[in-house]
Structure formats: C-alpha cells, structure tokens
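Participant: If you're matching them up, the sequences are chains F and V in order.
Following the numbering used here, the numbering of the first sequence begins with 1 at its first residue and continues without gaps.
Following the numbering used here, the numbering of the second sequence begins with 1 at its first residue and continues without gaps.
Read the hints as simulated data drawn from the structure, not as lab findings.
Each residue gets a CB set at the ideal place from its N, CA and C atoms; glycine is no exception.
Mixed in with the good hints there might be a few duds.
EDC-like, lysine to aspartate or glutamate: derived pairs with alpha carbons at most 16 Å apart [unchecked claim]: (1) F/K82 with V/E92; (2) F/K17 with V/E103; (3) F/K82 with F/E160.
Which bits of chain V does chain F cover? Going by a derived footprint, with three or more residues having C-beta under 8 Å, they are [to be verified]: (4) 57–66; (5) 86–99.
Sample of chain F residues lacking proximity to chain V, with all beta carbon distances greater than 12 Å (derived) [claimed, not checked]: (6) M31; (7) V110; (8) S130; (9) F131; (10) N170; (11) M176; (12) F178; (13) I186; (14) W193; (15) Q194; (16) T231.
Each chain is listed here by its residues.
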Amino acid sequence: MTGWQTLLYKEVLRFWKVAFQTIAGPVLTAMLYLLIFGHALEAHVKVYGQVSYTAFLVPGLAMMSLLQNAFANSSSSLIASKVMGNLVFLMLTPLSYMNWFVAYVGAAVVRGLVVGLGVFAVAFVFTDISFVAPLWIVVFGVLGAALMGSLGLIAGLWAEKFDQLAAFQNFIVMPMTFLSGVFYSIHSLPPVWQTVSHLNPFFYMIDGFRYGFFGISDVSPWLSLGVVGGTLVVVSAVAVALLRSGYKIRS
Amino acid sequence: MPAISFQSVSKAYPSPRGAQNGTFLALDRVSLDIEQGEFFGLLGPNGAGKTTLISILAGLTRATSGKVSVLGHDVALDYAQARRCLGVVPQELVFDPFFNVREALRFQSGYFGVKHNDDWIDELLDSLGLADKAGANMRALSGGMKRRVLVAQALVHKPPVIVLDEPTAGVDVELRQTLWQFIARLNKQGSTVLLTTHYLEEAEALCGRIAMLKTGRVVALNHTSELLKSASSNVLRFKIDSELPKVLADQARITGRIVQFPAHDAHEIERYLAAVREAGLVAQDVEIRKADLEDVFLQVMTQNKDSVHGVGLA
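My request is simple: use the sequences and hints to build the entire structure.
Facilitator: Shown next as structure tokens:
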C-alpha cells in the first residue's frame, strides 16, 4: 500500500474496531426514529400524494445517518489525534496535504455508506423500499458523505477541544440536517420556510437522494446535483487549503 | 554534505513572555552543521529552544527565518524527501489507543511507502525488547514500553538520520541500556544521531560533539573532549552540615549537603577550604575529582549571557 492508502486503511480500521459504537449505534438510533415517527404518523400522512410516510422516512433517515457519521468520522479522528498528541506520527511522514485529504475523506465516505446501508438493511424488515433510479442514490450518497467528511475535516482542524467540536455538531450540523426535509416534504411548509429550506445545502442532499427511491422530489435532481456538487467543491477547497497551510497543526 | 544543516534559524512566537514587541524569540539565528555519521548532542536548560529546533527540523513547526536541510533536502521546500531521511522520537509519550504495537509499526511503515517491512519490524521489536508485546494494545503498555515503541516507530523506515528528543526522560536503567546499545549500534553502522537530553552523563558518554543552547542561542559548540578540557579541570567536593555563607554559595554547586567548587589548581582548593574553615564550618568527605560535562554545562550557562563565544565555539 502507498502512503495515503495506508492512512485510509488505518482510518477505516479505526472506526471498524469500535463498530458497535460507530455503526450499530447510529443504525439503532435511526430505527428508533423510524419506529416512533412511523408509528405516530403512518396513518395520518401521505407524501407526494401517494408515498406512505414510513417509506418516505426511510431514505431521509438513511441519508441523515450517512451524513452525520461521515462528519463524525473525520472530525472525531482528527480532534482525538490532536488532543492525544498522536497526530505527530502523521506529521512526521512525507504524506502530502492531498494524501491527508483523500484518506480522511475516503474513510468518512466508507463509514457514511456503511451506516446508510445498515439503516436500509434493518428498515427492510419494517417496510418495502423501492429503488426507481439507483444511480442517483449512489451519486448523492457518495457526494453527501464526501461533503460531510470534508466539513468534518475542517471542524476537526478548527476545534482544539472536544466541546468545540460538539458545538459545531450541535449548532450547525444537527439543525441543518433536521431542517433539511428528513421528516417532511418541504412542500408541506409555509412559503417562507420553503424559501429558507432552499438555502440549506442539506436539503438538496436529502431531496436528490430521495429522488433515487421514488422518482419524485421537491426540486429537480439535476438542481440538487449542481448545489451538492458546488458545495462539495467549496468545502473541499477550504479543507485542502487548511491542510496545506498546516492550520492549527503546524505552528 | 552535512546530515543536518541549520543556517541562521530563528523562531519568534507571539507571546507576552518575552515582552519584546509582543514576540518571544525561541531561537535566535542558530547555525550549526551536523556531519554524516556523527553522534551529536544538543544540550540546554528547559526553554533553551532544543525542542523548537528539533520541531523545525522535523517539519512540525516552521522557522520564522533561516534554512534547515536534511542530507541536502530543505525541510520546507523538499519536505517529503527530508522527512524520509529523518526518524524522530518525540519527547511526549504519545500513542494511538486503537491499535496494537505491530499495527502501529506497520502503519508507520506504510505512511513512508515502505512495503513488506515485517522482517525489519521484527528486528526492531527484538532489539528493543518488545518481541513479546507485538500483539499488545498500546493502552496496555507501561510508560517505558510505550517509549520503546516510539523509538521503533521512528526507525521503522530505516532513516539515515535519527533524532531523539529526550528519549530517556523518566525511564528506567534497563531501557536506557537497551536503547543506547541499539542506537550506538546504528550509529556505528553509519546513522547520524542527534540527541537532546538532560542526562549529561549520557551525552558525555555517547556524543562526539555537543552544542549548548541558552535562551535560543548557541553558547557552546565543540567536540565533547574539547569542551571537557575547556572547563576548570578539577572539582573540589565535600559535605557540610550547615549553610554556606552567601559569598561562597554563589560560587558553588550545592545539592543537599554536597558542595562542589570548580578549581584549576591546588591554590584554589586551599583557598576554598580555608574560607569554609573561617566560616566555622567543617568540610567532611573531602575529595577532588575531574570535571565532567555537568560542570562544563553549568559553567557555560552561568557565563556571559549573550556571548556565542562562551566556551570553545568552533
């Protein structure tokens, strides 16, 4: 294996060794959401006029778990290595900033996809899931995980303590995820909140992902692809620039 | 081509500590070359700039000005090649709690692009007394064992230049022996070694050449043997039960009851003993010994504060 492949492998092995916490935990949480909201709302809500609420909820929950775990992987790995001091082992190596980026984001994508697949695997027990356009599912799954992996890299570099990272997660990632249409179609919102939702890149990740299942979405999947792709480019560029400058790691 | 070259390296930190225009000068135009195959010691009190200098060498910190190269590779412009040539044992006892010893060493090999490295990893484990700990999680190891793994991690890619930043701080005699035997062997085989330590007897025994840093400047740089010659050649050592008068205490090195005076000749020795007698004190267990590196070190550190020509700067 080359340098970046070793780092990617190490980062994957890092979360795999604690899979109970990093994979089983998030899948269980998603299932609890599905059971509670599905049970409470299944009889009362139909989305897009024809889709049952539980079927509608599954892709949203899977994508939400995927995004949150991709973010958690790169950010928690970096902050833990910084706080424990073992980041020095990487800093002493000839690995380039691009190597770091590819390995950390790559591992985040792997964890995001594994958790997302885990949510589907369990959700199959409770409901039927259709796959109208699987390629869109894969594209938005991978791009979303890469975007959140990059954002996690930025957060991990910026944070100096675990509570700062928790603040980033609780006050930025969580609200943007919950307000992105995981639990509802934004067409059910008042016009003002529909407009606000359109400013949230998370909305496009969820909406485009969901299109792959139902062939129906709030906005065109091409628009979502453009917004998600554009956001990914911007966030990645920031992450790469921070790594290149040695932001908060090389004084 | 020198193994390591520091050319007028300065490092300023924004800090209230130095209070000079809001910056603290951790290194002030440090220049020195370490030749290939040398066992070189970098000494200095806490805060002298040793670790800062090594951090700049390793690419962990960036110099404010000046150039640093490893075997001709600039550590900033040609960092990948420079880092391939360097094996650095960090001062802090750090580890990755997710992995066992062998995994940690395999990963470190991989980062340097070294494949199929298990034979060398086994040799390292064996030489450092870690063979039976290869499968142990890093968390389960004692401090001394963790220190050995740090050394193994630094050497896993067979670097021609080895940097040890206080590798024996807080470790037992056995590890020191194992470590120095192994490092001395690598040095004999051609590796260059740069060592910082507070254990001056180790530096005296191991290092062919020594630089002393004080407040970010090189205050002495010479062969160990020359440095030893340059100091007062003898030391008067005795024990007393009461406190020395201040005028004498200022000239002495005092450790509990033990008092030591640097002395060039018999007259000086007689003078010190007479002064002690006149102060109404009784010197016990009197002995005269040859000066060691600790004496040189203390002499250099107390000498003219801002001169880089303190003792035998060569």
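Participant: If a hint holds in the structure, say so; if it doesn't, say that too.
Facilitator: Hints versus structure:
1. F/K82 with V/E92: holds (13 Å)
2. F/K17 with V/E103: holds (13 Å)
3. F/K82 with F/E160: holds (8 Å)
4. 57–66: holds (count 5)
5. 86–99: It holds: at least three residues are needed, and the segment 86–99 of chain V offers 10 whose Cβ sits within less than 8 Å of chain F.
6. M31: F/M31 is indeed farther than 12 Å from all Cβ atoms of chain V, at 27 Å.
7. V110: holds (16 Å)
8. S130: About 39 Å separates F/S130 from the closest Cβ of chain V, which puts it past 12 Å; holds.
9. F131: holds (35 Å)
10. N170: holds (25 Å)
11. M176: Fine: 30 Å to the nearest Cβ keeps F/M176 off the interface.
12. F178: holds (31 Å)
13. I186: F/I186 is indeed farther than 12 Å from all Cβ atoms of chain V, at 40 Å.
14. W193: holds (43 Å)
15. Q194: holds (44 Å)
16. T231: The claim stands: F/T231 keeps its Cβ more than 12 Å from every Cβ of chain V (closest is about 31 Å).
Against the hints set out earlier in the document, no violation occurs for any number.
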